[in-house]
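Asks: This is what each chain is made of:
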Amino acid sequence: DVKVTQSSRYLVKRTGEKVFLECVQDMDHENMFWYRQDPGLGLRLIYFSYDVKMKEKGDIPEGYSVSREKKERFSLILESASTNQTSMYLCASSLRLAAEQYFGPGTRLTVT
Amino acid sequence: GENVEQHPSTLSVQEGDSAVIKCTYSDSASNYFPWYKQELGKRPQLIIDIRSNVGEKKDQRIAVTLNKTAKHFSLHITETQPEDSAVYFCAASIGGGADGLTFGKGTHLIIQP
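Going down the list, the protein sequences come from chains A and B.
Be aware that the first sequence starts at 16, since it is given in this note's numbering, and climbs by one per residue.
Be aware that the second sequence starts at 145, since it is given in this note's numbering, and climbs by one per residue.
Among the clues, some could well be false.
[To be verified] The calculated DSSO-like cross-link candidates involving lysine-lysine, where the alpha carbons are at most 27 angstroms apart (straight line), are:
| hint | chain 1 | residue 1 | chain 2 | residue 2 |
| --- | --- | --- | --- | --- |
| 1 | B | Lys249 | B | Lys181 |
| 2 | B | Lys186 | A | Lys18 |
| 3 | A | Lys33 | A | Lys86 |
| 4 | B | Lys186 | A | Lys28 |
| 5 | A | Lys86 | A | Lys18 |
| 6 | B | Lys186 | A | Lys72 |
| 7 | B | Lys181 | A | Lys72 |
| 8 | A | Lys70 | B | Lys249 |
These aren't lab readings, by the way, just hints derived from the structure by calculation.
With the rest of the complex left out, here is chain A (with noise of 0.2 angstroms):
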């Protein structure tokens, strides 16, 4: 069974705060994802990683950065959180790119 798991569940910050959200895999897998999810909009892609210490922009990587410098391991940070940031932030693994993605069970963070 893929285990997802990201570090908190639930997290509070002040604008300002650098913030990391941490992801860890157990399967193995190539490639880790992190979205964000906000009512009404999908689950919108940020950045994605499909090796170790490689990275690709998604679609709004904008306010964020990421760091893998293990495979099992993904981080998402905020490098000045904003209250639009306010948001669940999803991240996932595969083994491929087109292929079934595991999610993690999601980080709901607010900033205020």
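With chain A held as given, fit chain B onto it using these hints.
Replies: Chain B only, in chain A's frame:
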């Protein structure tokens, strides 16, 4: 980049009836089209997917059809049951290229008893 439109945003059907959700995509290079189901408070899970070399795929009560010429694909659920109530997302991907999935905005399917 790719753009995926999904309709309707909300769909209410009587238990036992069929439900159809439709999506269109913009990039003719897209060749992988998955559908995800997200129950309330849970993570999205893949229910079915189709690749561009196939026109239709079925798995028990669910089926997906793809029309590459028109750039649209649809999810069909027959004999709907209460446990089908959820939000459904379609998505598209260029596949072998270095891109991720582009999702539609979702359809909230409500099964009326």
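Asks: Now look at each hint and say whether the structure bears it out.
Replies: Hints, one by one, checked against the model:
no., hint, verdict
1, Lys249(B) / Lys181(B), "holds (12 angstroms)"
2, Lys186(B) / Lys18(A), "holds (14 angstroms)"
3, Lys33(A) / Lys86(A), "holds (23 angstroms)"
4, Lys186(B) / Lys28(A), "holds (23 angstroms)"
5, Lys86(A) / Lys18(A), "holds (14 angstroms)"
6, Lys186(B) / Lys72(A), "holds (26 angstroms)"
7, Lys181(B) / Lys72(A), "holds (25 angstroms)"
8, Lys70(A) / Lys249(B), "holds (25 angstroms)"
Against the hints set out earlier in the document, no violation occurs for any number.
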